[in-house]
Every structure is written in structure tokens, then in C-alpha cells.
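Asker: Whole structure, please, built from the sequences with the hints as guidance.
Residue numbers (my numbering), protein chains in the order written: chain A, 5 to 274; chain B, 3 to 252.
Hints listed in this document are in silico derivations from the structure and should not be mistaken for laboratory results.
Yeah, the Cβ is synthetic: ideal placement off N, Cα and C, and Gly gets one too.
Every clue listed holds true.
Computed, partial: chain A to chain B, Cβ under 10 Å: (1) TYR46; (2) ARG211; (3) ARG237.
Residues per chain are reported as follows:
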Amino acid sequence: MNLSLIEEQLLSVSAEPLLQVRDLTLLYGLEKGCQGVSFDLYPGEVLGIVGESGSGKSTLLSLLSGRLPPQRGSIGYRGKDGEWLDLYSASEAERRTLLRTEWGFVEQNPRDGLRMGVSAGANIGERLMAQGIRNYQQLRSAGLDWLSQVEIDPLRIDDLPRTFSGGMQQRLQIARNLVSSPRLVFMDEPTGGLDVSVQARLLDLLRGLVRELDLAVVIVTHDLAVARLLADRLMVMRRSHVVETGLTDQILDDPQHPYSQLLVSSVLQP
Amino acid sequence: MSLVREVESSVMTNLIEVRGLSKTFTLHQQNGVVLNVLHGVDFSVRAGECLVLHGQSGAGKSTLLRTLYGNYLPAGGSIRVRHAGEWLELVGAAPRDILQVRQQTLGYVSQFLRVIPRVACLDVVMEPALARGWSKALARSRAELLLSRLNIPERLWQLAPGTFSGGEQQRVNIARGFMVAWPLMLLDEPTASLDDSNRQVVLELMNEAKASGAALIGIFHDRAAREAVADRHLDMTPTAVAEEEYAHAR
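Answerer: And the structure:
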């Protein structure tokens with residue numbers, strides 16, 4: 005069998021970006037917020053945003069995900085239909101639809117991303133119902149399927165999220181986001197509040213899902229080990245500016261900017 | 003064969019061409035000390051050929067391999083590789099182009115495995131093939147073959163290599179490195195501290211890669227290994243100029 009032929013057929017390079025960000029700026033004060041951020045994100049690409057608290061990472065994520073309008077700059081998104089949408093000239097309704105269908109957002113605290121008063125199954129089914137799926141069996145089987153995909157016992161489908169551990173809640177939040185087959189997912193410190201052993205399991209799960217579903221991801225983290233494991237490339241932020249961008253392992257092993265060097269050399273090696 | 007045709011065919015079979023490559027490290031946390039580690043490095047390697055980097059510890063051999071791989075950022079010069087049938091300049095290339103080159107063209111085998119918690123030995127080895135879109139069954143059979151050849155006991159295949167011995171981790175990493183066919187391979191002491199029979203397997207794997215047309219660039223301190231695979235040497239003894247610049251920077 006000719007392996008290289010098989011590889012050639014399977015090799016699909018996505019030539020067009022999914023997201024085009026230009027000069028994105030929102031400042032609360034001098035060097036508070038983020039300014040002048042530009043980048044392209046391609047399908048299947050994982051971009052990590054690292055930097056210390058207050059560097060502007062979370063502000064940038066809010067701007068990117070359509071939650072907060074910028075003072076300046078633009079975000080273009082290429083939808084499933086191939087049409088470009090200018091995020092902040094689109095209507096509020098269009099932005100909301102996008103966030104419930106083609107996009108996902110995984111909050112650091114699962115309580116902010118889940119409905120704590122309804123069952124795990126209802127949490128997973130919500131996006132499908134918003135897309136018009138009303139068939140109970142269909143919703144139920146999607147719930148069971150996604151629970152097992154994120155390694156939660158499907159027997160827990162009728163339980164409320166508050167009876168779940170922190171790690172399970174986080175995995176449920178991921179299932180709730182991925183059920184609508186999004187193409188782009190934003191993550192804000194997804195492993196932040198978890199024990200180290202639970203973190204490893206979640207990271208492993210995320211790595212697998214990102215590859216299988218060809219997800220584009222923008223992930224904010226202050227944990228450089230998480231960044232190394234998940235991100236293809238990194239943006240280092242400091243005082244509202246992006247000070248360095250590049251391949252993840254190059255930034256971590258050969259950082260160029262004084263601040264990146266400080267950040268990398270400050271990490272304790274276990 | 004006419005001279006022109008001969009020149010053409012030799013250019014055709016080069017898989018990597020490096021010209022005037024330099025690498026400096028600026029240590030901002032240490033008073034901005036500048037280390038000039040590579041300076042004016044020139045070489046090319048042809049299909050089926052193995053170039054061995056020669057020089058004392060600290061001469062920049064590993065730095066050169068890491069710079070070629072894009073793990074270190076070059077300071078200047080050119081690294082051109084044959085990728086998907088065309089020449090591609092890696093100095094200044096976009097991260098996603100470098101990732102494509104790493105997935106399809108450029109392999110890197112070191113003696114150290116980066117262990118990921120909870121990921122089983124077989125999955126670690128299969129990953130480069132899955133990234134190229136192989137089916138799980140095909141990848142699995144190739145991974146099992148390599149792990150057997152490298153004498154990793156079958157009872158370890160489903161375990162995460164975190165708890166393996168240093169030698170076992172090294173061999174798992176080698177299996178991963180030879181999982182798919184790379185047109186260009188960078189090898190940083192793959193045979194270091196292996197016992198004779200395992201070293202022999204690694205030498206066989208390298209010679210098989212050469213025979214199938216791969217270009218190899220390697221560091222081998224062990225002389226027997228060097229003699230078994232080397233076609234040419236690149237002398238990396240630091241030049242007087244480089245030392246002078248280093249002294250000046252301090």
C-alpha cells in the first residue's frame with residue numbers, strides 16, 4: 005500500500021482564515037485593557053494567550069468573543085456558508101446566534117457557563133433546542149453520547165450539575181459547548197480552578213477533541229505548561245500590548261522579548 | 003552525462019540548503035549578555051545522505067538542530083527545505099507553515115521524551131501518523147511493530163510512559179520519531195546510552211530511512227554509530243571570530 009498517496013489525499017490545508025482580527029483596542033486607562041491586536045486564526049488552529057494578571061488577556065477574549073465592543077479595530081469571521089461577517093457591524097441577534105451555534109465559550113468557573121438549576125442532559129440539549137431540535141429521543145441520545153465523550157457516567161444525565169465535582173462540571177460545560185459542532189471555541193483558563201490530577205484528565209480530553217473535531221481555539225491561560233500542551237502558537241501580552249508572537253515551543257524555549265524571558269524563567273520546574 | 007545535467011541533478015536531490023545561518027541568544031535577565039552560538043553556517047544535504055555534526059560540547063550542535071527545527075529563532079541567514087515538492091524558506095516563515103513542515107517533512111528525534119500525563123505509550127508513538135490522517139488501525143500496527151523492534155515489552159504499551167525507565171522512555175521516543183517517513187530527519191544523540199542490541203536497531207532504522215531517500219542530520223558521540231551511518235561531517239569547532247564576539251559581549 006502506498007502510504008504517501010493516502011497521506012496526500014487526506015492532507016487538506018485550509019488556505020483561508022476563520023477569524024481576521026485587526027487593530028483591536030479597548031482601553032480602560034493607561035495600558036489597562038488591550039490595544040493594537042491583529043492576527044489571523046485558521047481552522048483547526050489553537051492560539052494561546054499568555055501573560056500575567058492585568059495584562060489584558062481577558063479583555064481581549066471578551067472583545068474576540070463578541071461580548072464587549074471595541075473602541076477601535078475589527079473582527080471578521082468566515083461563517084459555515086463561506087461568507088465574511090464583520091462581528092461588530094452585525095446585529096446583536098446575529099452575534100448571539102453565532103455564540104450559540106458556530107462558536108463556544110468555556111468559562112473558567114463552570115458555574116458561569118452552566119445552568120445550575122437544570123439537569124446535565126438539559127444543559128447539553130439547550131443549544132440543540134435553540135437550533136430547533138425538539139425531538140425528545142434525539143436530545144436524550146445527544147446528551148448520553150456527549151456525557152460519555154467527556155467521560156461522565158451517562159447514568160448521571162438527570163442529575164443537577166451542583167451534585168458534580170468541579171472537574172465533572174468543567175467537562176459538562178465543554179460538552180454543552182461542543183454539542184452544536186462549533187468551529188471556534190474560546191476558553192478562559194479552563195483548567196484554572198481544578199486539582200492537578202483533574203487538570204491532566206481535562207487537558208488530555210481537550211487535546212483529543214480539538215484534533216478530532218478540527219476546532220479552532222483561542223485559549224487564555226497563565227499556565228505555560230497548559231499552553232505548551234494545547235497551543236500551536238502563542239501571543240504574550242503585557243500591559244495591554246502583545247509583546248511577542250510565535251510558535252509555542254519557540255516562545256517557551258527561546259523567548260525573545262525581555263518580558264517573555266522573565267515569564268518563562270519565573271516558572272518553577274517540578 | 004553532461005556537466006550541466008550533472009549539476010542540475012545534484013541540485014534536484016538536495017533536500018535542505020542552509021546558507022549563512024546565525025543564531026544569537028540575548029539574555030535580557032542577565033544584563034543583556036549576547037551569545038553568538040552559530041555564525042555563517044553553510045551546508046546542504048542530499049536525499050539518502052547522512053551529515054554528522056562534529057565538534058566539542060558547547061560548539062552549538064544541538065542549537066543548530068533546534069534552529070533548523072524552528073524551536074530556536076534564527077538570527078539571520080537562510081534555511082531552505084524541500085516541502086510538498088517545492089522549496090520553502092524557514093527563516094521568517096509563519097508558525098503554521100513551520101507546523102506543516104514538521105507534520106509532513108521534518109522529523110526530530112532527541113533522547114528525551116516529553117511525557118504527557120495519562121497518554122498511553124502506543125498513543126504517544128501513533129500521534130505523528132494520526133496527525134497525517136492515517137487510520138487508527140494502520141497507525142496501531144506500525145506502532146506495535148516499532149515498539150517490538152525496540153524491545154518495549156507488550157505489557158507496557160497501554161501504560162503512560164511517565165513511570166518507565168529512562169532507557170525505555172528514550173526508545174519510545176525513537177519509535178515515535180520513526181513512526182512516519184520523514185524526507186528530512188534531525189537526530190540528537192538517538193543512540194546515547196542504549197545497550198548494544200537496541201543501538202543496533204536504531205542504526206538499522208536510520209539506514210532504512212536513508213535507503214528510502216531521507217536526508218539525515220545528526221549528532222552522535224558514539225563512534226560506532228557515527229561510522230555506521232555518516233556520509234559527511236560538518237566541523238562545528240567555534241571560530242576565533244565567534245570567541246572574540248563572545249568576549250566582547252561579556
